[in-house]
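Given the coordinates of chain A, work out where chain B with the ligands should sit on it, guided by the hints.
Residue strings, one per chain:
Protein chains: 2
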Amino acid sequence: MRRKTLVAAGALALGGLAIGSAVQAVSPGFTDDRSATLAKAISPEKPRNVILLIGDGTDDSIITAARNYELGAKGRFALDELPFTGAMTTFGLKTGTDPNDYPINYVSDSAPTASGWSTGKKTVDSRISQGPSASDTAPGTDYDTVLEKYKAAGKRTGNVSTAEITDATPAAAGSHINLRECQGPANMAKCGYAKKSAVPAGKGSIAEQLVDNKIDVLLGGGAARYAQATDAGPSVLDYAKSTYSYQAVDTKTALDGVTSLDKGPILGLFASANMTPRYEPLTATPAGAGGPTTTCKTADRGTQPSLADMTDKAIKLLDNDKGFFLQVESAMVDKQEHASDICGAIGDVLELDNALKVAQAYQAKHPDTLIIVTGDHAHSTQIVGNGGTTTDATGATGGKATATVKTFDGDPMTVAYSTAAPGSSQSHTGSQIRVAASGPQAANVTGTIDQTDLFSTMLGRTPSK
Amino acid sequence: MRRKTLVAAGALALGGLAIGSAVQAVSPGFTDDRSATLAKAISPEKPRNVILLIGDGTDDSIITAARNYELGAKGRFALDELPFTGAMTTFGLKTGTDPNDYPINYVSDSAPTASGWSTGKKTVDSRISQGPSASDTAPGTDYDTVLEKYKAAGKRTGNVSTAEITDATPAAAGSHINLRECQGPANMAKCGYAKKSAVPAGKGSIAEQLVDNKIDVLLGGGAARYAQATDAGPSVLDYAKSTYSYQAVDTKTALDGVTSLDKGPILGLFASANMTPRYEPLTATPAGAGGPTTTCKTADRGTQPSLADMTDKAIKLLDNDKGFFLQVESAMVDKQEHASDICGAIGDVLELDNALKVAQAYQAKHPDTLIIVTGDHAHSTQIVGNGGTTTDATGATGGKATATVKTFDGDPMTVAYSTAAPGSSQSHTGSQIRVAASGPQAANVTGTIDQTDLFSTMLGRTPSK
Ligand SMILES: [Mg+2]
Ligand SMILES: [Mg+2]
Ligand SMILES: [Zn+2]
Ligand SMILES: [Zn+2]
Ligand SMILES: [Zn+2]
Ligand SMILES: [Zn+2]
Numbered sequence: 518m519r520r521k522t523l524v525a526a527g528a529l530a531l532g533g534l535a536i537g538s539a540v541q542a543v544s545p546g547f548t549d550d551r552s553a554t555l556a557k558a559i560s561p562e563k564p565r566n567v568i569l570l571i572g573d574g575t576d577d578s579i580i581t582a583a584r585n586y587e588l589g590a591k592g593r594f595a596l597d598e599l600p601f602t603g604a605m606t607t608f609g610l611k612t613g614t615d616p617n618d619y620p621i622n623y624v625s626d627s628a629p630t631a632s633g634w635s636t637g638k639k640t641v642d643s644r645i646s647q648g649p650s651a652s653d654t655a656p657g658t659d660y661d662t663v664l665e666k667y668k669a670a671g672k673r674t675g676n677v678s679t680a681e682i683t684d685a686t687p688a689a690a691g692s693h694i695n696l697r698e699c700q701g702p703a704n705m706a707k708c709g710y711a712k713k714s715a716v717p718a719g720k721g722s723i724a725e726q727l728v729d730n731k732i733d734v735l736l737g738g739g740a741a742r743y744a745q746a747t748d749a750g751p752s753v754l755d756y757a758k759s760t761y762s763y764q765a766v767d768t769k770t771a772l773d774g775v776t777s778l779d780k781g782p783i784l785g786l787f788a789s790a791n792m793t794p795r796y797e798p799l800t801a802t803p804a805g806a807g808g809p810t811t812t813c814k815t816a817d818r819g820t821q822p823s824l825a826d827m828t829d830k831a832i833k834l835l836d837n838d839k840g841f842f843l844q845v846e847s848a849m850v851d852k853q854e855h856a857s858d859i860c861g862a863i864g865d866v867l868e869l870d871n872a873l874k875v876a877q878a879y880q881a882k883h884p885d886t887l888i889i890v891t892g893d894h895a896h897s898t899q900i901v902g903n904g905g906t907t908t909d910a911t912g913a914t915g916g917k918a919t920a921t922v923k924t925f926d927g928d929p930m931t932v933a934y935s936t937a938a939p940g941s942s943q944s945h946t947g948s949q950i951r952v953a954a955s956g957p958q959a960a961n962v963t964g965t966i967d968q969t970d971l972f973s974t975m976l977g978r979t980p981s982k
Numbered sequence: 518m519r520r521k522t523l524v525a526a527g528a529l530a531l532g533g534l535a536i537g538s539a540v541q542a543v544s545p546g547f548t549d550d551r552s553a554t555l556a557k558a559i560s561p562e563k564p565r566n567v568i569l570l571i572g573d574g575t576d577d578s579i580i581t582a583a584r585n586y587e588l589g590a591k592g593r594f595a596l597d598e599l600p601f602t603g604a605m606t607t608f609g610l611k612t613g614t615d616p617n618d619y620p621i622n623y624v625s626d627s628a629p630t631a632s633g634w635s636t637g638k639k640t641v642d643s644r645i646s647q648g649p650s651a652s653d654t655a656p657g658t659d660y661d662t663v664l665e666k667y668k669a670a671g672k673r674t675g676n677v678s679t680a681e682i683t684d685a686t687p688a689a690a691g692s693h694i695n696l697r698e699c700q701g702p703a704n705m706a707k708c709g710y711a712k713k714s715a716v717p718a719g720k721g722s723i724a725e726q727l728v729d730n731k732i733d734v735l736l737g738g739g740a741a742r743y744a745q746a747t748d749a750g751p752s753v754l755d756y757a758k759s760t761y762s763y764q765a766v767d768t769k770t771a772l773d774g775v776t777s778l779d780k781g782p783i784l785g786l787f788a789s790a791n792m793t794p795r796y797e798p799l800t801a802t803p804a805g806a807g808g809p810t811t812t813c814k815t816a817d818r819g820t821q822p823s824l825a826d827m828t829d830k831a832i833k834l835l836d837n838d839k840g841f842f843l844q845v846e847s848a849m850v851d852k853q854e855h856a857s858d859i860c861g862a863i864g865d866v867l868e869l870d871n872a873l874k875v876a877q878a879y880q881a882k883h884p885d886t887l888i889i890v891t892g893d894h895a896h897s898t899q900i901v902g903n904g905g906t907t908t909d910a911t912g913a914t915g916g917k918a919t920a921t922v923k924t925f926d927g928d929p930m931t932v933a934y935s936t937a938a939p940g941s942s943q944s945h946t947g948s949q950i951r952v953a954a955s956g957p958q959a960a961n962v963t964g965t966i967d968q969t970d971l972f973s974t975m976l977g978r979t980p981s982k
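Order-wise, the sequence lines are chains A and B.
Note that the first sequence covers residues 518 to 982 in this note's numbering.
Note that the second sequence covers residues 518 to 982 in this note's numbering.
Hints in this document: simulated from the structure, not taken from any laboratory.
Predicted model only: the values in this text are computed from it and were never measured.
Heads up, a few of these hints could be off.
What the hints assert, rightly or not - Straight-line Cα separation of at most 20 angstroms, SDA-like style, residue types lysine to any residue; simulated pairs: (1) A:Lys557 / B:Lys557; (2) A:Lys982 / B:Lys557; (3) A:Lys814 / A:Glu797; (4) B:Lys591 / A:Asn617.
Claimed, not checked - Chain B stretches covered by chain A per the calculated footprint, using a threshold of three residues with CB under 8 angstroms from any CB of chain A: (5) 556 to 570; (6) 586 to 597; (7) 764 to 775; (8) 857 to 866.
Backbone N, C-alpha and C define an ideal beta-carbon position, used for all residues, glycine too.
Only chain A is shown next, with the shape it has when bound in the complex (with noise of 0.2 angstroms):
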C-alpha cells in the first residue's frame, strides 16, 4: 500500500516556482533506445555557467535509501535523471615526511575532498584548498580555487551550504588554510601562522577569507562565527560591511528582500551554527529505531530559507552575461548520517534534489550552463534486510545499530550503522560515489573520474570535435 500520492516528475511545484521540463522519467521499464537522447545531449562547447551541487556524505546508499522513503523504489529524483552518469574516486593523502610520496589515504574527510574539485589537486584530512605537508599544522602550498579563477576572469561567484558557510566544503571553494577547524579568528589556535596579526600578515581565518575573497554570494549557517572579533577588533561580520560593502540578512524574508548586488555582495547567515535539516531525527538504535509504520517528521526551521530557496537567489542575483560560478552544499546528510539519524539523511537529499530543480529550470533557458551533482565522499549508511514475508536469503538484520521507516512504497525500509559504536559520531567510508551532470561537456564525468577531474571541467576543457 503506497503512503501518498507521487507528485509527477517535471510539474513539481516549488516555493512557488514552475520546475521545468529537464527532468524526464523514464525508468525503470523505459521502452527507448536512449542513442539518439543521449547524442543529442553531447555539448563539446565551455560552459559560461558552472553549478555544483554537493550533498555532503551523498554515496549511492543513502541516494537509494532517500528514493525508497520519498519516492518509492521505482521512483527517480531529477538528480537520477541527469543524461551524463559516472562513478568518481574520492580518496586524499597523509601527512608524510616524503614530499614525492604521501601516504594514500583511502577514507577522506570533506576537507580534501572539496579542495580536490576546488583545486584539481589532492590532500590530506582536514586540510583547506591547501597542499599537503609533513604534519597538521604545518602549513601547505595555498592552490588556486575554480571559484577565484572564476572570480579573476570577472565573473560572479557564489557558495551556498546548509552547513556553517565556514565548514569544510563551503571553505574549500574560497579560503586556504591548514586545518578546517581554523573557522573564526578565534578558532585560530592550530592556524597561527594564518592569523591577520601575525608577523608576517596571515589570511585570516575561513570566515574572514570567504568575505576577502570578494564571494558575491555566501549564504548558509555560521553566524557565530561571523560574530568573532578579528584580531583588529570588530566583528567579522562588520569588517565584510564595513570593508566589501556586504548586504547582511539572516532570515528568508530578508533574503527575498535582496533582488541586486548593486550595493554589494551578499551575507547570509540564517543559523547560528548549522542550519536544520529538513526532517526531525530518527536515530537508530541497537535494538532498531522507528518501525514499518515510522514516517519522518517536518521539522520546524523557522525563518530559514530552504536550500532551493537560496539556490533560487544565488542564481537570481549571480545571472549575468559574463557567467558565474556557484557551489551549492546539502551538507547536514553528512553530518545526520555522523549522527545515526536516517531521517535527517534523507530529507536533506531531498533538499538537494529540490535545489538541483531550481538550477536546472536555470539550465533550461541558459544552456551554456554545465550543472553537477555529485558526492564528496562515501558514508556509513547500509539498507539491510528486514525480513518479512520472504524466505529472505540475504539473511537477518545486521549492523551495530539500526532503524526502520516506512518508505513511499507502503513498506519498511531498515537501515544500518555500524563504522562506530552506537552513539558516537559514524565514520565516512572509502567507496567511490555517483558523478551526474548536464550541459556542456557534462561528458566528461562519464566512466570513473577522481574527483580532481572536476577541477578542470568546470574550468571548462578545450572543445573536443
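Coordinates of chain B with the ligands only, in the frame set by chain A:
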C-alpha cells in the same frame, strides 16, 4: 612506496592472449574533453552478440577496494573505463497475498536480481526466473529469459560461472523454479511440483533444466549436482550426454581440447561445488586481521581454468554468423564477502576484469557486440579509516570485524564487515550499484536504470534516430 610495478593498461598479457586496445587510461588527470569520444562511442544499432559480465555482490565499494589493492587508488580496471556508465537499482519483491501489491524487498538475494535482467520482471528472494506468489513453496509464473529468446531465434547461448553452474545467477539465465535451492534432482524437497516424476511432469531441477535448454556452453562448478541421479535413474551428467550429446570436461586441459560444438554442446564442470577463488582467504576478525604489510596469497586452483580462460573458450565456441548471448559470472566476490574474506573478494573482482578484457578483445574485432558489466546487488564490505599520520577527522576504524591489507600504493587499506556477527554470513545491502557498457545500444545503461531494464537492452531496442 609502491608494492610492485604497474602493468600498463591495454598491454596485459593474459593466458597467452594479448589483450586489445579497447582499454584507454584517462583518469585521474585526463586533459581532453571527452565529448567527441563519447559521441563516437554511441551506436543505436541492435547488437548481434551480447556478453553480460556479472560480479556477484560487486558494488562500488568492493570495486574500489579491489582497485586500491590491485592497481592503487589512481589505477583503472578495464571495467572502470567502459564508455557508458550508470547506476542500477536492485530491489525485489516479497511474497504476499495481493498479486497487485507485493511488498517491496529493499535488499535482494541473487535469485530475483538475476531473474530481473534475465526476464525483465521483478520477483521474490530465492526465485529463479519465475514470478512472485503467496509463499515460497507456491510456484509463480515462468518468465522467458534473454538466453531462451536468443536460443529460440536460432542463436548460440553460453552460461559461465565460478559458482556451481546451478547457483542462482547462472540458474536464472536458463531455468525456472520457485526456490534456488532446488539445484539437482536430489534437492527437490520444496519444489515437488517441478520434479520430472511429478504428475503432471515438472521441468526438473535447475541442473536438468539447464541442459534441457540445450545451452551451447555451460562452464563452472557444480559437478556434484550433475552426479545426482535423475528421477529416471541415470545421473544428470549421463542424461546430458546421452540425450543432447553434451561434451563433458572437468579440467582446464580438457577444456582447451574442445575446439568446436560440432559434436554437441559443452558441459564443463571443474569443481564438485564452487570453484576456487584467485586468492586464499583473509578473514576479518573483531581484533582486526592482516596488517599494513599483509598481501593476498594466490590460491592453488589445481586443474581449474580461470574465469578468463572459460570466457575465452566460450566466446570462441559461440562465435557464429547469427550471433550469441553469453552470461559470465564472477560468483565468488559475493560468497567471499559473505565470509568476511577481503582477499577472496578482491581477487575475484580482478578475475571479472580479466574476463572483461577477453570479451573486449573479441569486441575489438566484432564491434556488433554489446558488453555489459555490472553486479547483481550491493554487499557488506566497507572501506574504513585506519588512522595513521593524519588528523583523520573521519574517526576511528569501525565495524564488527575488520581486515587490513597493503595495497599496490604500498599503504594500508582497512575494510569492515558489520551486517552480521563475526563468523556468521555477512548480508547483502540495498544500495544501487554501478553498471557499465560498451558497444551497440550501450548508451542504455546511462543515468539511473533498474536491472530489469537490461532485459530489453540485451534483446535489442528499436534503434533511435
Ligand atoms: Mg560539507
Ligand atoms: Mg551468483
Ligand atoms: Zn563530507
Ligand atoms: Zn562527515
Ligand atoms: Zn548475488
Ligand atoms: Zn550473496
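Tested hints:
A distance of roughly 12 angstroms separates the Cα atoms of Lys557 (chain A) and Lys557 (chain B); the hinted pair therefore holds under the 20 angstroms criterion. Pair hint Lys982 (chain A) plus Lys557 (chain B) holds up; C-alpha atoms about 10 angstroms apart against a cutoff of 20 angstroms. Distance restraint check for Lys814 (chain A) and Glu797 (chain A): the Cα-Cα separation of roughly 6 angstroms lies within the 20 angstroms cut-off, and the hinted pair is therefore satisfied. Of the supplied pair hints, the one linking Lys591 (chain B) and Asn617 (chain A) holds, its CA atoms being roughly 15 angstroms apart against a limit of 20 angstroms.
As drawn, the region 556 to 570 of chain B meets chain A at 4 residues by the rule of a beta-carbon pair under 8 angstroms; at three or more, the given contact holds. Counting residues of the region 586 to 597 of chain B whose C-beta lies closer than 8 angstroms to any C-beta of chain A gives 5; at least three are required, and the coverage claim holds. Counting residues of the region 764 to 775 of chain B whose CB lies closer than 8 angstroms to any CB of chain A gives 0, so the stated coverage by that chain is violated, three being the minimum. Requiring three or more residues with a Cβ within less than 8 angstroms of a Cβ of chain A, the coverage given for the region 857 to 866 of chain B is violated, as only 0 such residues are present.
The structure fails to meet hints 7, 8 from the earlier list, while all remaining hints are met.
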